[in-house]
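Colleague: Construct all of the structure, not just a fragment, from the sequences and the given hints.
The primary structure of each chain is shown beneath.
2 protein chains.
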Amino acid sequence: MNSIKENIAKKKIFEFCIREFARAGYANVSIRNISKGAGISIGAIYYYFSSKEQIGQFLYDKTTEIILNKIRLGIKKAPNDKEALRSIIYNLFDMSEKEPELMEFILYVKHKEFLPDAPPICSSKPFEFIKNFIKEKIESGVFRDMNIVIASALIMGPIIRIIQLRMDNILNDDIRLYTESLLNGIVKSVFKERA
Amino acid sequence: MNSIKENIAKKKIFEFCIREFARAGYANVSIRNISKGAGISIGAIYYYFSSKEQIGQFLYDKTTEIILNKIRLGIKKAPNDKEALRSIIYNLFDMSEKEPELMEFILYVKHKEFLPDAPPICSSKPFEFIKNFIKEKIESGVFRDMNIVIASALIMGPIIRIIQLRMDNILNDDIRLYTESLLNGIVKSVFKERA
DNA sequence: TAAAATAAAACGAGCGTTCATTTTAAAAAA
DNA sequence: TTTTTTAAAATGAACGCTCGTTTTATTTTA
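Going down the list, the sequences are from chains D and X.
To convert a position in the first sequence, counted from 1, into the working numbering, add 476.
To convert a position in the second sequence, counted from 1, into the working numbering, add 476.
In case anyone wonders, no lab produced these hints; they're calculated from the structure.
No false leads were mixed into what you were given.
Treat identical chains as interchangeable: a pair holds within one or across any two.
Cut-off 27 Å, straight-line C-alpha distance, at most; resulting in silico cross-link-like pairs (BS3-like, lysine-lysine):
#1 Lys558 x Lys668
#2 Lys586 x Lys512
#3 Lys586 x Lys528
#4 Lys552 x Lys668
#5 Lys586 x Lys488
#6 Lys607 x Lys664
#7 Lys601 x Lys546
#8 Lys552 x Lys538
#9 Lys528 x Lys588
#10 Lys574 x Lys538
#11 Lys488 x Lys588
#12 Lys512 x Lys588
#13 Lys487 x Lys574
#14 Lys664 x Lys558
#15 Lys546 x Lys588
Modeller: What follows is the structure, encoded as structure tokens:
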């Protein structure tokens, strides 16, 4: 239903806001900043969005959808459990390298600031999807029998940590190179030990 | 050198700001909010602090110092390596339960917002201290030979993840109860395997 | 020509900070 | 002891500015 112009305008706003919200925080990016940075007039912004909050909502919906799709596809294609785990790690690292603003937006921005009723990010669709994957692996005996929250923390904790270190410029290498060794550590911590 | 009154005022401001900065974010807490919430007049606030930023600096210094001291003491007292690791986990969980605002302030608040030159939180004193502990354990052969960043992520990632899940009210139990099972998982991922 | 899109100006509220002033409490002078 | 003086502490109205949003007017598009 959206016109071409509308899509272009929204895309410009998306790209600018993802970057700036991640960098400076939602509260420190004004409508005037957005107007200037995205090259869309204030009037046009309010023509497409009813409020600043709604821009945040729009960004949140788009980013979680993009991430969910990538994770889902990776797991679906994986030939076995270890490869599924590898695909989760690799895809998250890959997105962090290719679209760092997007990952930063998801992991760093306080969504509660503009989405009072949004679930915490760890309960957003992509993270819930991964949680279900983990739950299934525990129930089917692939992972050791443990509290699902513990398993989830042992798997997602290190992945997110690496991404954050990368975003804080503590790590200067391409983190996709760490996939294998991180996978090794995680496998040891959650997979059933070999007989 | 500080007078008693000054210490009382600063303590009130500390307690209110830790809570509110963690809850609403630095930018969304105004000096008027602080004045009202802490029961200190605007003038008095500026009598003790030269700017709002300086309040942030004050909170940052205090909180990192408190955490560092607790972590350092825990490791010092531990009789062996596994117990040292347990003390790190337990102390962080313990602080999360006893002083959640403090942990939330350290883990959630975007310090760059008011401390443009502060290192990212993972490079703050307490985290650097833990990193050195890990480095030493790799060099002395207690942990498997691996990149220190990977080891650090495998250890701190799950701990921080659990704390965040607790703060987001995903976990309703006292997370100190998870110390043992999380320690088990982490030990498997970083300690040298038994011969 | 009607509808969609843009631009700029205007609005009131709230921001961080300043400052002239008052209150408080202790030291000095009587 | 009582009075005067002094400096620290505390006050809140006011300043200049930016905020999110609305209104108004004009241009572009279909």
